[in-house]
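Make a model of the complete structure from these sequences and hints.
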Amino acid sequence: MEMTTDIFKGKVRLRGDRVIWLLILFFAMISMAVVYSATSSLAFRKDTTPFNYLMDQAVYYIIGFVILLICYRIPLKWYRFLSYAAMGFAMILLIVPICLGELRSFSFLGVQIHPSEIAKVATVLYLARIIEASPIDTFKEYALKILIPVGAVCALAMLGSMSAALIIGTLTLVILICSGIRRQFILWTIPIAVGVVAVAFAVSVISGGKVFSRFSTFGERIERHFSGDDTAEMSAAELAEYNEKTFQADQAREAIQLGGIFGRGPGNSIKRDILPNAYDDYIYSIIIEEYGLMGGLAVIILYLWFFFRCMKIARACTRKFSILTVLGLSTLITMQAFLHIFVNIGILPVTGQTLPMISRGGSALVIMSCAFGIILSVNRTIEIKDLKLKAEKEETPCSTES
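Residue numbering for the sequence shown follows full-length UniProt numbering, starting at 1 and increasing by one per position.
No lab work stands behind these hints: they were computed from the structure.
You can take every hint at face value.
In the DSS-like style, the derived pairs of lysine-lysine whose C-alpha atoms are separated by at most 30 Å in a straight line are:
#	residue 1	residue 2
1	77	385
2	77	145
3	312	77
Quick list of simulated restraints, FRET-style, between CB atoms:
#	residue 1	residue 2	range
4	316	139	32 to 38 Å
5	261	177	36 to 42 Å
6	301	346	16 to 22 Å
7	139	47	55 to 61 Å
Only a predicted model underlies this, so the values are computations on that prediction, with no experimental measurement involved.
Beta carbons: idealized from backbone N, C-alpha and C, even for Gly.
In C-alpha coordinates, the structure reads:
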(Lines of atoms letter the chains of each structure in order from A and count residues from 1; the text may use other names and numbers.)
(Lines give C-alpha, C1' and ligand atoms only; values in the text may rest on other atoms or scores of the structure.)
Protein backbone atom coordinates (compact mmCIF):
# COMPACT_ATOMS: atom_id res chain seq x y z
CA MET A 1 0.00 0.00 0.00
CA GLU A 2 1.71 3.11 -1.13
CA MET A 3 0.48 6.61 -1.79
CA THR A 4 2.71 8.81 -3.95
CA THR A 5 2.28 12.56 -4.34
CA ASP A 6 4.29 14.98 -6.46
CA ILE A 7 5.45 17.90 -4.33
CA PHE A 8 7.94 20.46 -5.66
CA LYS A 9 8.85 18.05 -8.49
CA GLY A 10 9.75 15.39 -5.95
CA LYS A 11 7.94 12.42 -4.58
CA VAL A 12 6.63 11.90 -1.08
CA ARG A 13 5.76 8.30 -0.37
CA LEU A 14 3.52 7.45 2.54
CA ARG A 15 3.43 3.75 3.18
CA GLY A 16 0.97 2.29 5.61
CA ASP A 17 -2.67 1.34 5.78
CA ARG A 18 -4.56 3.61 3.39
CA VAL A 19 -7.73 3.27 5.44
CA ILE A 20 -6.03 4.68 8.55
CA TRP A 21 -4.64 7.62 6.56
CA LEU A 22 -8.17 8.18 5.23
CA LEU A 23 -9.68 7.95 8.72
CA ILE A 24 -7.28 10.65 9.95
CA LEU A 25 -8.63 12.90 7.19
CA PHE A 26 -12.23 12.09 8.16
CA PHE A 27 -11.55 12.84 11.84
CA ALA A 28 -9.95 16.16 10.88
CA MET A 29 -12.93 17.19 8.74
CA ILE A 30 -15.43 16.27 11.46
CA SER A 31 -13.36 18.05 14.09
CA MET A 32 -13.11 21.29 12.11
CA ALA A 33 -16.84 21.41 11.39
CA VAL A 34 -18.03 20.59 14.91
CA VAL A 35 -15.43 22.63 16.82
CA TYR A 36 -16.29 25.67 14.69
CA SER A 37 -19.94 25.30 15.67
CA ALA A 38 -19.43 24.25 19.30
CA THR A 39 -17.14 27.16 20.25
CA SER A 40 -19.70 29.91 19.60
CA SER A 41 -20.50 30.48 23.30
CA LEU A 42 -16.81 30.26 24.22
CA ALA A 43 -16.04 32.85 21.55
CA PHE A 44 -18.76 35.13 22.96
CA ARG A 45 -17.36 34.82 26.51
CA LYS A 46 -13.82 35.55 25.28
CA ASP A 47 -15.00 38.42 23.04
CA THR A 48 -13.74 36.78 19.85
CA THR A 49 -15.20 34.72 16.98
CA PRO A 50 -15.58 30.97 16.36
CA PHE A 51 -13.37 31.43 13.30
CA ASN A 52 -10.42 32.15 15.60
CA TYR A 53 -11.01 28.86 17.41
CA LEU A 54 -11.31 27.13 14.05
CA MET A 55 -7.89 28.51 13.14
CA ASP A 56 -6.52 27.36 16.51
CA GLN A 57 -7.86 23.88 15.82
CA ALA A 58 -6.30 23.94 12.35
CA VAL A 59 -2.94 24.90 13.88
CA TYR A 60 -3.19 22.08 16.44
CA TYR A 61 -4.04 19.66 13.64
CA ILE A 62 -1.07 20.84 11.57
CA ILE A 63 1.22 20.40 14.59
CA GLY A 64 -0.38 17.03 15.27
CA PHE A 65 0.10 15.93 11.66
CA VAL A 66 3.75 16.96 11.72
CA ILE A 67 4.22 14.95 14.93
CA LEU A 68 2.34 12.06 13.30
CA LEU A 69 4.70 12.12 10.29
CA ILE A 70 7.75 12.22 12.57
CA CYS A 71 6.47 9.27 14.60
CA TYR A 72 5.59 7.47 11.38
CA ARG A 73 9.17 7.86 10.09
CA ILE A 74 10.89 6.79 13.34
CA PRO A 75 12.09 3.14 13.09
CA LEU A 76 10.60 0.70 15.59
CA LYS A 77 14.00 0.04 17.16
CA TRP A 78 13.97 3.59 18.51
CA TYR A 79 10.58 3.06 20.16
CA ARG A 80 12.01 -0.03 21.81
CA PHE A 81 15.05 1.92 22.92
CA LEU A 82 13.11 4.93 24.23
CA SER A 83 10.20 3.07 25.86
CA TYR A 84 11.77 2.96 29.35
CA ALA A 85 12.76 6.63 29.17
CA ALA A 86 9.23 7.52 28.02
CA MET A 87 7.78 5.83 31.09
CA GLY A 88 10.14 7.72 33.41
CA PHE A 89 9.43 10.99 31.61
CA ALA A 90 5.68 10.41 32.00
CA MET A 91 6.09 9.88 35.75
CA ILE A 92 8.03 13.14 36.06
CA LEU A 93 5.36 15.02 34.11
CA LEU A 94 2.64 13.56 36.34
CA ILE A 95 4.45 15.00 39.37
CA VAL A 96 4.75 18.52 37.88
CA PRO A 97 1.07 19.57 38.37
CA ILE A 98 1.23 18.34 41.98
CA CYS A 99 4.28 20.51 42.65
CA LEU A 100 2.52 23.49 41.05
CA GLY A 101 -0.63 22.97 43.10
CA GLU A 102 -2.66 21.94 40.05
CA LEU A 103 -4.67 18.76 39.50
CA ARG A 104 -4.70 17.58 35.89
CA SER A 105 -2.52 19.86 33.80
CA PHE A 106 0.05 22.63 33.74
CA SER A 107 0.88 25.41 31.31
CA PHE A 108 4.10 25.33 29.29
CA LEU A 109 4.82 28.08 26.74
CA GLY A 110 1.14 28.96 26.75
CA VAL A 111 0.00 25.39 26.02
CA GLN A 112 -1.89 23.27 28.56
CA ILE A 113 -0.05 19.98 29.02
CA HIS A 114 -2.06 16.98 30.25
CA PRO A 115 0.53 14.50 31.60
CA SER A 116 -2.01 11.69 31.87
CA GLU A 117 -2.39 11.69 28.06
CA ILE A 118 1.36 11.19 27.67
CA ALA A 119 1.31 8.52 30.39
CA LYS A 120 -1.27 6.47 28.47
CA VAL A 121 0.95 6.15 25.38
CA ALA A 122 4.13 5.73 27.44
CA THR A 123 2.56 2.87 29.42
CA VAL A 124 1.69 1.00 26.21
CA LEU A 125 5.25 1.32 24.87
CA TYR A 126 6.77 0.33 28.22
CA LEU A 127 4.58 -2.76 28.61
CA ALA A 128 5.20 -3.87 25.01
CA ARG A 129 8.96 -3.55 25.50
CA ILE A 130 9.26 -5.10 28.97
CA ILE A 131 7.11 -8.09 27.97
CA GLU A 132 9.14 -8.65 24.79
CA ALA A 133 12.55 -8.07 26.39
CA SER A 134 12.62 -11.00 28.80
CA PRO A 135 10.33 -13.77 30.05
CA ILE A 136 8.52 -13.04 33.30
CA ASP A 137 8.54 -16.38 35.12
CA THR A 138 8.09 -15.37 38.77
CA PHE A 139 5.67 -13.09 40.56
CA LYS A 140 8.64 -11.12 41.90
CA GLU A 141 9.72 -10.29 38.34
CA TYR A 142 6.13 -9.44 37.46
CA ALA A 143 5.84 -7.10 40.45
CA LEU A 144 9.17 -5.36 39.82
CA LYS A 145 8.82 -5.00 36.04
CA ILE A 146 5.09 -4.38 35.63
CA LEU A 147 3.04 -4.05 38.80
CA ILE A 148 5.13 -1.40 40.59
CA PRO A 149 5.94 0.88 37.59
CA VAL A 150 2.40 0.83 36.20
CA GLY A 151 0.94 1.11 39.70
CA ALA A 152 3.05 4.22 40.30
CA VAL A 153 1.78 5.80 37.09
CA CYS A 154 -1.83 4.99 38.00
CA ALA A 155 -1.38 6.40 41.52
CA LEU A 156 0.09 9.65 40.18
CA ALA A 157 -2.63 9.92 37.52
CA MET A 158 -5.25 9.27 40.20
CA LEU A 159 -4.25 12.49 41.97
CA GLY A 160 -5.59 14.50 39.05
CA SER A 161 -7.99 12.24 37.18
CA MET A 162 -9.62 9.03 38.35
CA SER A 163 -10.85 8.26 34.84
CA ALA A 164 -7.32 8.54 33.40
CA ALA A 165 -6.04 6.13 36.07
CA LEU A 166 -8.86 3.70 35.26
CA ILE A 167 -8.07 3.90 31.54
CA ILE A 168 -4.38 3.15 32.16
CA GLY A 169 -5.31 0.29 34.50
CA THR A 170 -7.81 -1.23 32.06
CA LEU A 171 -5.39 -0.80 29.17
CA THR A 172 -2.70 -2.60 31.15
CA LEU A 173 -5.08 -5.46 31.89
CA VAL A 174 -5.95 -5.84 28.18
CA ILE A 175 -2.27 -5.90 27.17
CA LEU A 176 -1.39 -8.43 29.89
CA ILE A 177 -4.24 -10.76 28.90
CA CYS A 178 -3.12 -10.68 25.25
CA SER A 179 0.61 -10.98 26.04
CA GLY A 180 0.69 -14.57 27.23
CA ILE A 181 1.78 -13.72 30.78
CA ARG A 182 0.72 -16.32 33.34
CA ARG A 183 -2.95 -16.02 34.20
CA GLN A 184 -2.34 -16.36 37.95
CA PHE A 185 -0.19 -13.21 37.87
CA ILE A 186 -3.01 -11.29 36.20
CA LEU A 187 -5.58 -12.69 38.64
CA TRP A 188 -3.45 -11.52 41.56
CA THR A 189 -3.27 -8.05 40.03
CA ILE A 190 -7.00 -7.39 40.50
CA PRO A 191 -7.17 -7.79 44.33
CA ILE A 192 -3.87 -5.92 44.69
CA ALA A 193 -5.25 -3.03 42.62
CA VAL A 194 -8.47 -3.00 44.66
CA GLY A 195 -6.40 -2.93 47.85
CA VAL A 196 -4.29 -0.01 46.62
CA VAL A 197 -7.42 1.94 45.64
CA ALA A 198 -8.93 1.22 49.07
CA VAL A 199 -5.80 2.54 50.79
CA ALA A 200 -5.83 5.65 48.57
CA PHE A 201 -9.50 6.20 49.41
CA ALA A 202 -8.73 5.87 53.14
CA VAL A 203 -5.92 8.41 52.79
CA SER A 204 -8.33 10.77 51.00
CA VAL A 205 -10.90 10.45 53.81
CA ILE A 206 -8.34 10.86 56.62
CA SER A 207 -6.78 13.91 54.97
CA GLY A 208 -10.18 15.51 54.49
CA GLY A 209 -9.86 15.36 50.72
CA LYS A 210 -6.50 17.14 50.60
CA VAL A 211 -4.83 14.02 49.16
CA PHE A 212 -6.49 12.09 46.31
CA SER A 213 -9.18 14.77 46.22
CA ARG A 214 -10.60 13.35 42.99
CA PHE A 215 -12.03 10.40 44.94
CA SER A 216 -14.86 12.50 46.37
CA THR A 217 -15.69 14.03 42.97
CA PHE A 218 -15.60 10.65 41.24
CA GLY A 219 -17.68 9.04 43.99
CA GLU A 220 -20.32 11.77 43.83
CA ARG A 221 -20.59 11.40 40.05
CA ILE A 222 -21.11 7.64 40.31
CA GLU A 223 -23.65 8.06 43.11
CA ARG A 224 -25.63 10.67 41.15
CA HIS A 225 -25.54 8.58 38.00
CA PHE A 226 -26.78 5.32 39.51
CA SER A 227 -29.10 6.72 42.20
CA GLY A 228 -31.66 7.79 39.60
CA ASP A 229 -33.55 11.06 39.37
CA ASP A 230 -35.73 10.75 42.50
CA THR A 231 -35.74 14.35 43.71
CA ALA A 232 -39.15 14.30 45.40
CA GLU A 233 -37.76 14.24 48.94
CA MET A 234 -35.09 16.90 48.35
CA SER A 235 -35.30 20.35 49.86
CA ALA A 236 -35.17 23.40 47.60
CA ALA A 237 -31.48 23.94 48.38
CA GLU A 238 -30.63 20.27 47.79
CA LEU A 239 -32.60 20.27 44.54
CA ALA A 240 -30.77 23.38 43.32
CA GLU A 241 -27.41 21.80 44.15
CA TYR A 242 -28.42 18.54 42.46
CA ASN A 243 -29.56 20.35 39.30
CA GLU A 244 -26.32 22.32 39.20
CA LYS A 245 -24.20 19.16 39.42
CA THR A 246 -26.25 17.27 36.80
CA PHE A 247 -26.62 20.29 34.50
CA GLN A 248 -24.07 19.24 31.88
CA ALA A 249 -25.25 15.63 31.65
CA ASP A 250 -28.89 16.75 31.40
CA GLN A 251 -28.11 19.27 28.66
CA ALA A 252 -26.12 16.66 26.72
CA ARG A 253 -29.06 14.25 26.75
CA GLU A 254 -31.41 17.04 25.66
CA ALA A 255 -29.05 17.86 22.77
CA ILE A 256 -29.23 14.23 21.63
CA GLN A 257 -33.04 14.30 21.83
CA LEU A 258 -33.16 17.50 19.76
CA GLY A 259 -30.98 15.91 17.07
CA GLY A 260 -33.42 13.16 16.18
CA ILE A 261 -32.50 10.92 13.26
CA PHE A 262 -31.08 13.44 10.79
CA GLY A 263 -30.14 16.36 13.06
CA ARG A 264 -30.85 20.08 13.08
CA GLY A 265 -28.17 20.76 10.47
CA PRO A 266 -24.55 22.00 10.64
CA GLY A 267 -24.20 25.07 12.85
CA ASN A 268 -27.81 24.92 14.10
CA SER A 269 -27.17 23.49 17.56
CA ILE A 270 -29.07 25.08 20.45
CA LYS A 271 -27.27 23.37 23.32
CA ARG A 272 -23.80 24.46 22.15
CA ASP A 273 -24.51 27.84 23.75
CA ILE A 274 -25.64 26.22 27.02
CA LEU A 275 -23.18 23.36 27.53
CA PRO A 276 -20.00 24.79 29.14
CA ASN A 277 -17.74 22.16 27.50
CA ALA A 278 -19.59 21.55 24.25
CA TYR A 279 -16.32 21.63 22.29
CA ASP A 280 -14.47 18.90 24.23
CA ASP A 281 -16.15 16.82 26.98
CA TYR A 282 -19.57 16.91 25.27
CA ILE A 283 -18.73 17.28 21.61
CA TYR A 284 -20.41 13.98 20.70
CA SER A 285 -23.79 15.27 21.89
CA ILE A 286 -23.33 18.32 19.63
CA ILE A 287 -22.49 16.00 16.71
CA ILE A 288 -25.80 14.16 17.22
CA GLU A 289 -27.77 17.39 17.70
CA GLU A 290 -26.47 18.82 14.42
CA TYR A 291 -26.05 15.65 12.34
CA GLY A 292 -28.57 13.37 14.03
CA LEU A 293 -28.45 9.73 14.98
CA MET A 294 -27.03 8.97 11.52
CA GLY A 295 -24.09 11.29 12.16
CA GLY A 296 -23.51 9.79 15.60
CA LEU A 297 -23.53 6.26 14.16
CA ALA A 298 -21.10 7.34 11.43
CA VAL A 299 -18.60 8.49 14.08
CA ILE A 300 -18.95 5.17 15.94
CA ILE A 301 -18.36 3.27 12.67
CA LEU A 302 -15.19 5.29 12.02
CA TYR A 303 -13.70 4.31 15.40
CA LEU A 304 -14.69 0.66 14.96
CA TRP A 305 -13.26 0.69 11.43
CA PHE A 306 -10.00 2.07 12.82
CA PHE A 307 -9.86 -0.59 15.55
CA PHE A 308 -10.42 -3.53 13.19
CA ARG A 309 -7.85 -2.19 10.70
CA CYS A 310 -5.36 -2.05 13.57
CA MET A 311 -6.19 -5.65 14.51
CA LYS A 312 -5.36 -6.59 10.92
CA ILE A 313 -1.99 -4.84 11.29
CA ALA A 314 -1.35 -6.58 14.62
CA ARG A 315 -2.05 -9.99 13.07
CA ALA A 316 0.54 -9.27 10.38
CA CYS A 317 3.25 -8.50 12.97
CA THR A 318 5.80 -11.14 13.97
CA ARG A 319 7.44 -9.41 16.96
CA LYS A 320 5.69 -9.14 20.31
CA PHE A 321 6.63 -5.46 20.72
CA SER A 322 4.88 -4.55 17.46
CA ILE A 323 1.82 -6.66 18.24
CA LEU A 324 1.32 -5.26 21.74
CA THR A 325 2.06 -1.67 20.67
CA VAL A 326 -0.59 -1.71 17.94
CA LEU A 327 -3.03 -3.58 20.17
CA GLY A 328 -2.46 -1.21 23.09
CA LEU A 329 -2.63 2.08 21.18
CA SER A 330 -5.68 1.07 19.12
CA THR A 331 -7.44 -0.12 22.29
CA LEU A 332 -6.55 3.17 24.01
CA ILE A 333 -7.99 5.33 21.22
CA THR A 334 -11.13 3.22 20.76
CA MET A 335 -11.75 2.75 24.49
CA GLN A 336 -11.45 6.49 25.17
CA ALA A 337 -13.77 7.24 22.25
CA PHE A 338 -16.47 4.91 23.55
CA LEU A 339 -15.99 6.17 27.11
CA HIS A 340 -16.67 9.69 25.83
CA ILE A 341 -19.68 8.49 23.81
CA PHE A 342 -21.19 6.53 26.72
CA VAL A 343 -20.88 9.58 29.00
CA ASN A 344 -22.60 11.79 26.42
CA ILE A 345 -25.55 9.44 25.92
CA GLY A 346 -25.95 8.90 29.67
CA ILE A 347 -24.73 5.31 30.07
CA LEU A 348 -21.72 6.28 32.23
CA PRO A 349 -21.11 9.11 34.74
CA VAL A 350 -19.07 12.17 33.76
CA THR A 351 -15.36 11.38 33.24
CA GLY A 352 -13.94 14.45 31.50
CA GLN A 353 -12.40 12.37 28.68
CA THR A 354 -12.36 14.00 25.25
CA LEU A 355 -13.28 12.40 21.91
CA PRO A 356 -9.93 11.40 20.31
CA MET A 357 -8.95 13.42 17.21
CA ILE A 358 -12.29 15.28 17.21
CA SER A 359 -12.58 17.33 20.43
CA ARG A 360 -11.02 20.79 20.53
CA GLY A 361 -7.26 20.46 20.30
CA GLY A 362 -4.30 20.87 22.57
CA SER A 363 -1.87 18.38 24.01
CA ALA A 364 -4.50 15.60 23.81
CA LEU A 365 -4.80 16.01 20.02
CA VAL A 366 -1.02 16.04 19.59
CA ILE A 367 -0.55 12.92 21.76
CA MET A 368 -3.29 11.04 19.90
CA SER A 369 -1.62 12.04 16.63
CA CYS A 370 1.58 10.56 18.03
CA ALA A 371 -0.28 7.29 18.75
CA PHE A 372 -1.57 7.17 15.17
CA GLY A 373 1.96 7.82 13.91
CA ILE A 374 3.40 4.93 15.93
CA ILE A 375 0.73 2.55 14.59
CA LEU A 376 1.51 3.63 11.03
CA SER A 377 5.24 3.21 11.74
CA VAL A 378 4.60 -0.43 12.64
CA ASN A 379 2.56 -0.88 9.46
CA ARG A 380 5.28 0.81 7.37
CA THR A 381 7.88 -1.58 8.79
CA ILE A 382 5.72 -4.57 7.84
CA GLU A 383 5.29 -3.29 4.28
CA ILE A 384 9.02 -2.63 3.84
CA LYS A 385 9.77 -6.19 4.98
CA ASP A 386 7.13 -7.54 2.58
CA LEU A 387 8.67 -5.59 -0.31
CA LYS A 388 12.13 -6.94 0.54
CA LEU A 389 10.83 -10.51 0.67
CA LYS A 390 9.05 -10.01 -2.64
CA ALA A 391 12.24 -8.65 -4.22
CA GLU A 392 14.26 -11.58 -2.91
CA LYS A 393 11.76 -14.07 -4.34
CA GLU A 394 11.89 -12.34 -7.72
CA GLU A 395 15.71 -12.40 -7.75
CA THR A 396 16.01 -16.08 -6.81
CA PRO A 397 14.76 -17.59 -10.12
CA CYS A 398 17.07 -15.31 -12.10
CA SER A 399 20.15 -16.43 -10.16
CA THR A 400 19.31 -20.14 -10.61
CA GLU A 401 18.74 -19.79 -14.34
CA SER A 402 22.09 -18.06 -14.88
